[in-house]
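2 protein chains.
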Amino acid sequence: MSSSSSLKTVRQLQVASPVPADIDIANSVEPFHISEIAKDLNLSPKHYDLYGKYKAKVLLSVIDELKGSGDGYYVVVGGITPTPLGEGKSTTTVGLCQALGAFQDKKVVTCLRQPSQGPTFGIKGGAAGGGYSQVIPMDEFNLHLTGDIHAITAANNLLAAAIDTRIFHEATQSDKALMNRLCPPNKEGKRSFNDIMFRRLTKLGISKTSPEDLTPEEVKKFARLDIDPDSITWRRVMDINDRFLRKITIGQGHDEKGMVRETAFDISVASEIMAVLALTTSLADMRERLGKMVIGNRKAGDPVTADDLGVGGALTVLMKDAINPTLMQTLEGTPVLVHAGPFANIAHGNSSIVADKIALKLVGPGGFVVTEAGFGADIGTEKFMNIKCRYSGLTPQCAIIVATIRALKMHGGGPDVVAGKPLNNAYVTENVALVAAGCINLAKHISNTKAYGVNVVVAVNKFSTDSEAELNAVRNSALAAGAYDAVICTHHAHGGKGAVDLGIAVQRACENVTQPLKFLYPLDFSIKEKIEAIARSYGASGVEYSEQAEKQIEMYSKQGFSGLPICMAKTQYSFSHNASEKGAPTGFVLPIRDVRASIGAGFIPLVGTMSTMPGLPTRPCFYDIDLDTSTGRVIGLS
Amino acid sequence: MSSSSSLKTVRQLQVASPVPADIDIANSVEPFHISEIAKDLNLSPKHYDLYGKYKAKVLLSVIDELKGSGDGYYVVVGGITPTPLGEGKSTTTVGLCQALGAFQDKKVVTCLRQPSQGPTFGIKGGAAGGGYSQVIPMDEFNLHLTGDIHAITAANNLLAAAIDTRIFHEATQSDKALMNRLCPPNKEGKRSFNDIMFRRLTKLGISKTSPEDLTPEEVKKFARLDIDPDSITWRRVMDINDRFLRKITIGQGHDEKGMVRETAFDISVASEIMAVLALTTSLADMRERLGKMVIGNRKAGDPVTADDLGVGGALTVLMKDAINPTLMQTLEGTPVLVHAGPFANIAHGNSSIVADKIALKLVGPGGFVVTEAGFGADIGTEKFMNIKCRYSGLTPQCAIIVATIRALKMHGGGPDVVAGKPLNNAYVTENVALVAAGCINLAKHISNTKAYGVNVVVAVNKFSTDSEAELNAVRNSALAAGAYDAVICTHHAHGGKGAVDLGIAVQRACENVTQPLKFLYPLDFSIKEKIEAIARSYGASGVEYSEQAEKQIEMYSKQGFSGLPICMAKTQYSFSHNASEKGAPTGFVLPIRDVRASIGAGFIPLVGTMSTMPGLPTRPCFYDIDLDTSTGRVIGLS
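Sequences listed follow chains A and B, in order.
Start counting the first sequence at 0; every next residue gets the next number (numbering that gives the first Met the number 0).
Start counting the second sequence at 0; every next residue gets the next number (numbering that gives the first Met the number 0).
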């Protein structure tokens with residue numbers, strides 16, 4: 000079968016065997032100028048801003064312009080519980096789109112998360128897919144992109160500086176002095192509130208419009224935030240694997256007068272601002288979300304927001320370009336929107352709502368938008384449905400579950416799979432019984448995902464060592480468990496051509512939806528009821544709350560935040576909280592240790608034990624990365 | 000006089016009186032698409048990468064392409080010793096270029112530093128000029144630009160993480176284990192060195208090519224950097240005014256096993272990588288400079304570099320786009336190259352060599368490149384000549400010294416000028432004697448600057464309160480002190496039209512150079528001889544070294560770094576080290592407290608008492624900054 004697309008930018012791949020290194024495949028192709036990719040989506044130069052030759056930011060105004068036109072089909076890609084090696088979810092996402100766009104003549108857009116730059120220099124390589132299913136140029140995808148994560152870092156840390164500085168200035172000034180500085184006299188000696196101050200006045204229930212009219216009591220309420228340092232949940236961030244910033248003491252300079260405080264840096268993608276970017280729907284909505292982010296409490300117990308600190312507007316200004324998703328391309332010339340990459344643990348791990356919305360309009364009815372959800376379907380797809388779709392109002396028709404024979408054998412009782420160590424022989428020789436036993440994990444993901452009302456298609460990402468009998472066992476199990484279809488894919492080795500069967504299955508699945516979207520829990524459940532609904536879906540028999548979690552749930556409920564969806568933090572390596580429990584464990588009691596509030600993003604994250612700041616190994620991969628200064632080309636990135 | 004330029008992009012300004020707010024002037028003008036500005040410079044789309052509609056990165060390859068063609072005139076803008084209010088150096092730089100380009104039909108490029116983003120949200124507003132002499136769009140100039148400072152932050156902090164992580168891993172591993180991890184076996188069990196390791200082997204004088212052949216002694220030398228934590232001069236950076244990071248303790252997490260260390264964050268523009276960017280001349284040169292940056296010493300005393308840590312290549316990759324300067328435009332449509340913004344204190348405070356080089360080729364013979372040097376001429380112009388011109392090999396023809404009646408009155412004995420407080424009456428009523436007395440400061444700057452062999456033109460930035468007699472007094476003093484010319488300018492109120500006389504004077508000055516460029520000191524002077532040459536030029540009778548400075552000078556001399564130029568750190572508010580000594584003090588003894596080495600950038604910075612991390616006031620200007628979400632426009636930026 001040869002390419003038959005009407006897209007002008009389709010590129011015919013010449014595939015080699017064995018499959019060369021990712022970077023060599025990526026570098027073997029000259030990307031199209033991104034304006035060519037845009038043209039295929041009927042975008043004219045007024046719809047986007049170029050960032051060099053191969054990236055463009057698509058402007059949010061496209062959503063308004065296409066308001067009247069219909070959406071395409073909406074497909075989410077999740078996976079079974081993976082091995083530490085990963086089962087090729089991104090690669091499958093890209094391969095499917097290459098099939099739909101380059102071989103099936105469909106309008107298609109791939110929606111991907113922006114990878115965090117820090118880990119690119121640590122252990123893992125890039126996140127642009129692999130083999131003949133990749134996003135290019137790979138170095139631009141993995142580094143800087145169009146500066147969105149840098150904008151998040153800047154905004155996050157401006158807010159952090161505002162918090163400590165405010166506490167510092169409040170400690171040394173009377174109410175009156177604070178008030179005088181916040182509302183200084185103009186040339187005529189008149190004092191006034193500015194716009195952001197009126198937000199705080201409204202929150203305090205003060206309807207006066209002139210600073211002179213405030214009573215001393217009101218001055219205190221308005222000017223003194225009285226932040227409890229121990230309550231601060233806002234941390235600084237950096238897009239670097241810097242383990243020495245996991246716990247630090249700040250304020251030790253002479254001029255800070257002993258106001259030291261213990262705090263920490265997270266990696267930038269763990270910032271709530273990244274989650275806000277991923278969940279926002281417009282500039283106005285982003286302004287509101289950034290302003291209402293809670294950074295901690297007043298000593299009296301009520302929450303303090305970014306707008307209370309006067310900084311919500313400035314954060315929005317720093318993020319105003321970041322809200323526009325970045326257009327790139329696959330190896331076969333199909334369009335990709337890269338946007339947002341919230342941590343899949345303390346945030347929801349999905350790319351942005353605005354990218355999906357723009358994409359759905361651009362492909363239009365009959366077209367396809369394929370978006371990836373982080374981690375296994377128990378976490379990624381669950382959050383896609385209950386958090387992202389709730390805020391977007393969008394309805395997916397089809398959910399893909401990516402599986403590999405390797406991971407299924409592990410769930411069937413195969414030996415441990417450890418990154419960096421050779422695979423046990425069980426994984427490279429035929430063992431149908433092991434595969435069949437492991438399908439219990441796949442079946443659980445299928446039934447959980449089906450419950451949302453979507454059609455589930457299983458994509459088996461085929462390795463060269465997989466046997467026909469093993470692959471058939473998976474297909475049969477999947478269908479028996481209620482999958483709409485189950486398809487063997489070879490996009491890693493063959494590009495889009497290797498995922499055409501998957502494309503056909505996805506198209507049928509999308510065209511034959513019979514049920515409406517159903518959420519796992521209603522928002523008016525209490526925080527605990529919501530947590531328990533999610534835990535039950537994993538197979539848990541109950542939930543156990545730490546004393547701290549109990550207190551936090553009580554506090555956030557009292558503060559009026561119990562109506563938000565829950566963002567579960569849990570290992571991705573098991574349905575349970577115990578990474579070594581493979582298959583589909585039942586009867587376990589899920590422990591909840593720590594509960595936070597991401598009020599701006601709009602969810603209640605449960606905080607697991609997973610580090611939010613990775614480290615570097617003894618020999619980080621930066622040892623191999625360099626620039627060929629004669630060509631300007633990046634070498635050694637993988 | 001009306002505009003008579005052959006540029007297609009010239010914009011006729013309609014000026015209002017009194018002069019409106021900077022942001023209102025900036026917003027009253029629709030900028031040209033940056034490709035139009037590029038076209039006027041004979042740049043085609045292959046010569047630049049667009050970053051949205053109003054910014055483009057001009058590719059370094061332009062230098063090679065135009066290698067055979069001649070350079071334009073090269074003009075540097077310095078100033079007299081300023082008041083804390085600033086005397087309009089950037090505004091004069093922009094106004095002069097608007098005059099040359101829009102009124103005198105000259106090819107002209109303005110070369111400016113990229114402002115630091117952090118302070119934009121603190122006390123000071125933006126740095127795009129002012130009144131009718133500005134760079135637009137002002138918000139894009141002040142925020143993010145094309146991501147260069149973000150790239151510097153990322154590169155700086157990757158190196159910082161590499162340092163602490165390496166110390167950590169060395170502490171827990173034997174030489175052999177370290178070696179095994181640094182050179183792991185491939186699939187065939189073979190170990191090998193990679194390119195960056197050969198840099199270290201060469202430095203160590205080891206010519207072996209296989210890890211297996213190293214003796215245990217060589218393994219130790221190669222694999223164990225043995226960094227002395229107390230010797231580390233490399234700090235983390237952030238482009239935020241965050242005073243609580245001025246002194247911090249890191250490594251307090253449980254997993255870091257008690258390896259705590261006291262350190263600090265600087266603001267990003269203080270990073271040595273910013274200075275490297277400003278002084279580099281090509282990708283290959285940048286790779287070498289980044290690799291040889293010294294971060295501290297081995298316990299044995301010899302310096303440890305970024306390449307020793309294996310990270311010089313990765314730093315170059317992070318900086319590969321930052322090396323291309325950003326093209327923008329003035330209010331009157333003349334081209335501006337914005338590039339690099341090294342701290343004027345611990346670094347040299349000048350925009351980049353590559354921007355100036357590209358600009359000189361683009362304007363060609365008869366055209367003008369006007370570049371600004373930070374701080375007063377005693378610091379800014381001195382570093383421009385002795386550091387920047389030394390590395391660039393470029394020769395300026397003309398140096399401008401910007402003066403104001405206000406600052407001259409201060410030097411003549413006028414009362415203190417304090418930011419945020421009303422000006423004393425002496426500054427707004429005629430007082431010729433005060434002005435004349437203050438010209439001693441101007442005269443000293445003129446004679447110091449003339450000594451480099453350039454023609455000196457004094458630009459008096461006129462305020463509405465200045466009288467004819469006062470202005471004449473300055474003109475007469477300047478000419479008597481040896482200035483080539485002295486001109487009254489009103490570009491703030493009138494745009495380029497107000498600087499036409501300055502433009503004419505600068506043209507004559509450039510066309511009539513009679514001397515070659517002379518440096519203040521030869522590089523083969525010892526570190527102390529160089530410091531003393533600079534001190535004498537200030538009027539000092541001697542130099543006093545702290546015990547610490549003595550030790551550092553001895554160490555850096557021993558390490559072989561004494562051949563580098565000196566980067567003086569000193570208050571910009573006096574020729575001496577004492578900010579309150581106005582005019583032209585003599586006979587003082589200049590204290591040298593702390594000496595560092597910026598080996599990658601290529602100079603020896605003396606470190607003053609000026610903070611390298613600013614703070615936020617009680618009411619930072621972010622209170623006024625917001626986004627008009629209906630138009631996407633930034634409001635409140637000043």
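Treat the hints with care, as some may be off.
A pair counts as met if it fits within one copy or between any two copies, since identical chains are not told apart.
[Stated by the list, open to error] Here are the computed lysine to aspartate or glutamate pairs in the EDC-like style, where the Cα-Cα straight-line distance is at most 20 Å:
#1 K189 with D623
#2 K291 with E580
#3 K420 with E187
#4 K186 with D484
#5 K186 with D623
#6 K256 with E35
#7 K189 with E255
#8 K291 with D623
#9 K246 with D63
#10 K246 with E261
#11 K45 with E29
#12 K38 with E261
#13 K291 with E528
#14 K52 with E35
#15 K527 with D593
#16 K186 with E211
#17 K527 with E546
#18 K461 with D63
#19 K298 with D229
#20 K420 with E169
#21 K175 with D484
#22 K298 with E217
#23 K517 with D225
#24 K66 with D500
#25 K202 with D623
#26 K291 with D627
No lab work stands behind these hints: they were computed from the structure.
Please work out whether the CA atoms of K186 and D623 approach to 20 Å or closer within one copy, between two copies, in both situations, or in neither? between (60 Å within a copy, 17 Å between copies)
When no copy is named, should K291 and E528 be tagged within, between, both, or neither for a Cα gap of at most 20 Å? Neither, since 25 Å and 58 Å both go past 20 Å.
K256 and E35: within-copy, between-copy, both or neither at 20 Å Cα: Neither: 58 Å inside a chain and 54 Å across chains, both beyond 20 Å.
State whether the alpha carbon distance between K461 and D63 is at most 20 Å within one copy, between copies, both, or neither. Close neither inside one copy (41 Å) nor across copies (49 Å); limit 20 Å.
Up to 20 Å between alpha-carbons, please classify K189 paired with D623: within, between, both or neither. between (62 Å within a copy, 17 Å between copies)
At most 20 Å between CA atoms: does that hold for K291 and D623 within a copy, between copies, both, or neither? This pair counts as between: shortest inter-copy Cα distance 17 Å, intra-copy 43 Å.
Homo-oligomer pair classification [E29, K45; C-alpha up to 20 Å]: Result: close only across copies, 15 Å inter versus 25 Å intra.
Treating 20 Å as the Cα threshold, decide for K186 and E211: within, between, both or neither. within (16 Å within a copy, 77 Å between copies)
Measure nothing new, just compare the shortest in-copy and cross-copy C-alpha distances for K52 and E35 to 20 Å and report within, between, both or neither. Both ways: K52 and E35 sit 10 Å apart in one copy and 18 Å across, limit 20 Å.
As a check of your reading, is K517 near D225 (CA-CA no more than 20 Å) within one copy, between copies, both or neither? This pair counts as neither: shortest intra-copy Cα distance 43 Å, inter-copy 59 Å.
Under a CA distance limit of 20 Å, which applies to K189 and E255: within one copy, between copies, both, or neither? neither (32 Å within a copy, 54 Å between copies)
With identical chains treated as interchangeable, where does the CA-CA distance between K38 and E261 reach 20 Å or less: within a copy, between copies, both, or neither? neither (52 Å within a copy, 54 Å between copies)
Taken one by one, the earlier hints fail for this structure at numbers 2, 4, 6, 7, 9, 12, 13, 18, 20, 21, 23, 24, listed in ascending order.
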